Amino acid sequence: MCNMSGWRSQDRPVGVQWRTPNHEDLLQRYSGRVQTFDQSSPGNLSVLISDLTEEDGGTYSCWINQNQYRNFSLTVKDCKLSETQEKDIHKYPGESVLLPCSCSDQRTIPVSVKWEHVDSGGTDVSNETELYKGRVQMFNKNLPANLSLLISNLTEQDQGTYRCSINNKQSINIRLSIKGCTLSETQEKLVFRSPGQSVLLPCSCTDQRTKPVSVKWEHVGSCGTEVSNETPRYTGRVQMFNKNLPANLSLLISNLTEQDQGTYRCSINNKESINIKLSITAEKREISDSSGSLIPWIVCVALLFIVIGQSALIYKLLHNRTQGSASTNTERGTQNIADDDYENDPSGARNKIRMAAVYQSLDPNTNQSDSVYQGLNPNTNQSDSVYQSLNPNTSQSDSVYQSLNPNTNQSDSVYQSLNPNTIQSD
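Residues 1 to 426 in full-length UniProt numbering are what the sequence shown spells out, letter by letter.
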């Protein structure tokens, strides 16, 4: 403020000049930011400086008629960063991040502020830079002491160290880490499909919050042909899901043909990839699994058991039939020999006595009429045949077949001895 007290209006000095600390004319140097009052108050030679900055600080002088002056010292408090220690921030692709930077005194304004990406050679981070165009925002227009930077729609390329510098003096570094996409599986797969069907070729990020910088599907077997709706061969037949689910990179191919078979590759960021071999066959099968190879073995083993069981059954039936025939022939032969010896004996009475003695020597309680068969079972009658010695409940008329099954009739054939439920006419 520069006042001339005791001066009358008509005594207004001819020459009044304000000089800056650099001895420049203040009215010219700060044109548009200064205001004078001598028009309304001739004795008031003060000036008003607006929008002060740190550069405005210094010693100003008010000169009158080039021989009188007065000095005024102006101090403009500078912006000092509220924090200068390096920070670490972790984010995912597609998210936004606020990189903090501010003056400790909210009334202060830095002369200059600059954001740069240190890892990319000090690239200026602003909407004027192609890499960040439309993705960055600052707040110092409405809040001059707030120098923070907002970056939207992050990608893996955005990671690195960012620096906020003010007045080319103070700065703060912020290290931004973007967790990128890593494939959940990289082992080659084998998929079987039939013509006309659809197939989903799986490919995805391990962390569902991640998003790759780039993803590409190609048909390796056809010289790396890109698989997309822009390729005439696949127009209208392919679909991806990463627009709504950024981590889902799977590919759906519809209306398959034999030309579609071959190896497909899903690549992300030109780093990781997974190969999927697609086979188009007439047989409808799912993704190959080791358990599927067991099915033929199981069928073979089952058939083997059936064959063995049938062979054992046939052998048993034939064995029983052979034993029954041999027993019948032996018993009939023995009976015929005895009858012939008895009839050819010239002295039948003596032979009868001798036969009786033989029978009684086996059991003294038996009569001469008792047959040798009673020697096996004394409770049987003479009329009882040898077959009763095997089963006392059978009648003399019962045949050898009843010795195998007492419930069969004499007329039943040998086949009934194998199966008592069959009829003779069978």
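Please note: incorrect hints may appear among the correct ones.
Listed next, the in silico DSSO-like pairs over lysine-lysine satisfying Cα-Cα at most 27 Å (straight line) [claimed, not checked]:
| # | residue 1 | residue 2 |
| --- | --- | --- |
| 1 | K271 | K179 |
| 2 | K216 | K179 |
| 3 | K114 | K80 |
| 4 | K91 | K189 |
| 5 | K179 | K133 |
| 6 | K169 | K141 |
| 7 | K77 | K141 |
| 8 | K189 | K243 |
| 9 | K243 | K91 |
The following label-pair restraints were derived from C-beta to C-beta distances [unchecked claim]:
| # | residue 1 | residue 2 | range |
| --- | --- | --- | --- |
| 10 | E95 | P296 | 49 to 55 Å |
| 11 | D51 | N229 | 52 to 58 Å |
| 12 | G160 | D51 | 32 to 38 Å |
Derived by calculation from the structure, the hints in this document are not laboratory data.
Keep in mind that this is a model prediction, so the values were computed, not measured.
Glycine included, each C-beta is placed from N, C-alpha and C at the ideal position.
Hints and how they fare:
no.: 1; hint: K271 with K179; in the structure: holds (15 Å)
no.: 2; hint: K216 with K179; in the structure: holds (20 Å)
no.: 3; hint: K114 with K80; in the structure: holds (14 Å)
no.: 4; hint: K91 with K189; in the structure: violated (32 Å)
no.: 5; hint: K179 with K133; in the structure: holds (22 Å)
no.: 6; hint: K169 with K141; in the structure: holds (21 Å)
no.: 7; hint: K77 with K141; in the structure: holds (19 Å)
no.: 8; hint: K189 with K243; in the structure: holds (25 Å)
no.: 9; hint: K243 with K91; in the structure: holds (19 Å)
no.: 10; hint: E95 with P296: 49 to 55 Å; in the structure: holds (52 Å)
no.: 11; hint: D51 with N229: 52 to 58 Å; in the structure: holds (56 Å)
no.: 12; hint: G160 with D51: 32 to 38 Å; in the structure: holds (35 Å)
In this structure, only the earlier hint numbered 4 is contradicted, and the remaining ones agree with it.
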